[in-house]
Every structure is written in structure tokens, then in C-alpha cells.
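Work out the full structure, taking the sequences as your base and the hints as a guide.
Going line by line, the protein sequences match chains A and B.
Just so you know, the numbering used here puts the end of the first sequence at 162, numbered straight through with nothing missing.
Just so you know, the numbering used here puts the end of the second sequence at 1292, numbered straight through with nothing missing.
Bear in mind the hints are in silico, worked out from the structure with no lab data behind them.
Where a beta carbon is used, it is the ideal one built from N, C-alpha and C, also for glycine.
Keep in mind that the hints are not guaranteed to be accurate.
What follows is a list of derived Cβ distance ranges for each label pair [stated by the list, open to error]:
id	chain 1	residue 1	chain 2	residue 2	range
1	B	1056	A	49	17 to 27 Å
2	B	1130	A	69	23 to 33 Å
3	A	142	B	1271	19 to 29 Å
4	B	1119	A	116	51 to 61 Å
5	B	1118	A	111	46 to 56 Å
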Amino acid sequence: VVTSLVAVWEGKMATHHLDRSARDRAVEQSLIAAIQINDVIRDLRSDAPGLVELMAMLLGRQDREHLQSRRDLLANSQLASLSFRAAASSGQTHDAQPAVERILDLVLQISRIGLNKFSKEELSILRDFCLGLNSVLVEEISTRGSEPPLARNRPRPLVSVE
Amino acid sequence: VSIAINTREKLRAIIAQIDQLLLSDIPHGSTADGLQLFRDFFRNANELVRLAEQTGQQKILSNACMTANERISSYLPFLGFLLRSTNVRNSFESFDVLAELAFGIIGPQVKVVISSEWDFSPLTYPLSVSVLPNYILIGMPAPESGNALVLPLAGHELGHSAWVNDGLETKHAPPVESLAREYIRRNDSSFKRAFPEHAELTITEDEVVGNIFISRIVADIVLCALGQIEEIFCDAVGLALFGKGFAYAFHYLLAPNVGGQRDPYYPPLQTRAFFMRTHGMLDFSSLVMRKT
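The following block contains the structure:
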């Protein structure tokens, strides 16, 4: 039954997932990316390798022949959820879906056109997204304890309804 | 006083504390290497705060200081663990046995540290802490330090490291996510009862994939499910390593329960016992409480 149910979603399945170790590494990486993007905004540098590294962690390896679309990214619930919470954390709460879609469009353009084609406003959105991501990941690891078999309920809510 | 000055002072203090710990008499090289890794990490954290300060952006600095605060808070217990691992109270006789099992499961790169801890249940800090790659830290409850029969519970803790080392979260996430989406699509009335503010939503295949709200629910379901699968997997590792000894130690420490509400990221104890009985082919009848 499980195999047949999974088969229903073949082709739509998210193929990339950030495990606990990767989420842990992404905490500092998102901060490094934000600092480097800020330097690009200030014309102190023209690239942000820390951002490229972060995107590789979030999206997985990019296949040049099968470039991912925004829909592919949204099909990854983990990425969609992280993006939403990062956008909300950076203050873009008024209309979640378009805000997340815009961020994901920018994310996709990073590997295609490079940062030097981005406007200052777009760079600011990306920087704030990285900071939002940093906040979300810090919150996540702050609720993570050791893993005793006796684990009782910790104050970590399931999805909240804003 | 700026938060950057305060943060750098806290980082300086923790680095100084690690330097003190490194002066201790440390019986195993893994412990000293681990302390050195933490020292390097906090020096890098200090550099990150300095870079954030140079940006002139308050929100970047704020995030950098928050990150440093969180890391100090999260990693302080690890330093305590590493220190207590040097205490002569520990059962050094069991170290080689557990290390050998870890080598067998993870590989020769693994470093094991054990300690007698003031937590009633065994605990582990498995390989998911990126500052200590390849480390397994196993803590056993101090009052049971004279009871060798609880040692099999360390098998469960080794399972956590095997789960991380073999990338099983990444492997199982996509099919679990597909099942979660399919469940929501097939049970839209339950979904709408739970989230009446989305009652107008028509849950088509496209909507299940592209709707941010549904994606966030799916993401939480996936994390809960993966957490529960990991625990069951770790019990299976414990059973595979120690057989009935694991089940009896599990029963000794946890039965009948500890009260309170279970974390949804962990399976109920009854479920874990069910899987052990069913798939481990164990007979628990001698353990069942009988009415007198």
C-alpha cells in the first residue's frame, strides 16, 4: 500500500532534504551569506560564495540540464516551510504566498545570472531572507535537546496558524 | 554597553573555560580533541561577531549575537559532559565494549565518549552536532552506575548515530512526505475540520504541492514521522545488538511509564514495545503486570 501511495507522487516528490546535521551547519552559513550579501550591496565585493554554499545546502546539487523551477522548490515541504518562516521572520507577513514565491524566484536566479545582475533592492530581500533563515534555524536548534527515550513534550508547537 | 561587547566577552569566557578544561587530566584522547574542536568553533564565532559588527547593520549584528548566545547555551552542557567523562566514577570497563560496537556500526572514524550523567534515562548527543563530527557521546544514569544490566540501552543510543551516519533522515524524508501529502489529499474533510479558516480550499493535487500553508503542515508531519521512525529504528539497533537484554533493560527503566504528555516527535512507549514484540519476535508475557 505504501509503495503504491508513494508512486502516486513520483515525479512530484521532493528529492532533497536537509537533515539535522545540515540544518545545524546552515545556522552559521546563513549568517555568513547575509554578511557577504551586505558587502555586495555596499560594493565591497561582487560575489557571495557563502550564499552559493547556503543555496547548495538548501536546494541540493543543481543539474544544469534540468534546472529547478519555483514549483519544484514549493514541492519540497521542508524548503517551502523554511522559506515561509524565514520570510515571516524578516517581516514579510502580509501576504505569505507571493512573498515566498518572490524569494524563491530570486533564489533560483542566483545560480543562473549571478549576484551582480541583482538590484540593491533584490539583494536586500535576499540578505533579509538569509537573516530570517538564521533566526528560524536558531529557534529550531534551541528547542532541540538530547534524545532520551523518556522525552516528554517540549514547548515546540506544531504548525501554528497566523 | 553594546551587545557586541557583551557577546565577545561571553565568548572569551567560554574559550577561557575550555582552556581550563584542557589542563585537566584527560584519560581519553577523544575528549581532549573534542574540547579543542569546541575551542576552534567559539573562536570562529567570535570572528563572525566581529565581521557582523563591521557591516554597520544592526539586524546583522543582532542575529550574530543571538547565534553566539544560542551556541554558548547549547554547547555548555557538552563541555560539562566532556569534563564528567574524565571522572573516575565512570565505568571505564564498559568503554572498550561500547567503542568496539560503535566502530562496527559507524566505522573506524568514530570517537566515543561515555559519562555517568544526572539524567535518569540514557542519553546521547549523536553525530548531528556539526561541531563534533564523528563523535558519539553516551551518558548513562548515575544511580544505575552499579547496574551492568542497563548497559544494553546504549544500543539505542548507538542507533541514533547509525541513523545520522547512514543519512537515513534524508533517505526516508521523500517517501514520508509523499505519504503525508496523499493523506491530506484523501482526507480533506479532516483537514478542514482541523483548519476551518481554510474551509474554502479545494485540495487538489496541485494545491497539496503548491500551497504554502499545506506545505508547512506537511513539513511538520514529516519531521514528527521521521522522529518517530528514528526512535523505532534505534530500538531495532538495540535489539539487534543485545537481543532480549535490550528489551528487559528498556522495561526496567521505563515501565510502566513516566506520566505527562509525550512529545509528538517520539513514539508512545506502547508503540515501541509493540514493534519490539512484533518485529523483534520477543515474548513480553513474563513482563506483563498481573492483577493480584
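Status of the hints after comparison with the structure:
1. B:1056 <-> A:49: 17 to 27 Å: holds, 22 Å
2. B:1130 <-> A:69: 23 to 33 Å: holds, 30 Å
3. A:142 <-> B:1271: 19 to 29 Å: holds, 28 Å
4. B:1119 <-> A:116: 51 to 61 Å: Holds, at about 52 Å.
5. B:1118 <-> A:111: 46 to 56 Å: Holds - the Cβ-Cβ distance for residue 1118 of chain B and residue 111 of chain A, about 49 Å, lies within 46 to 56 Å.
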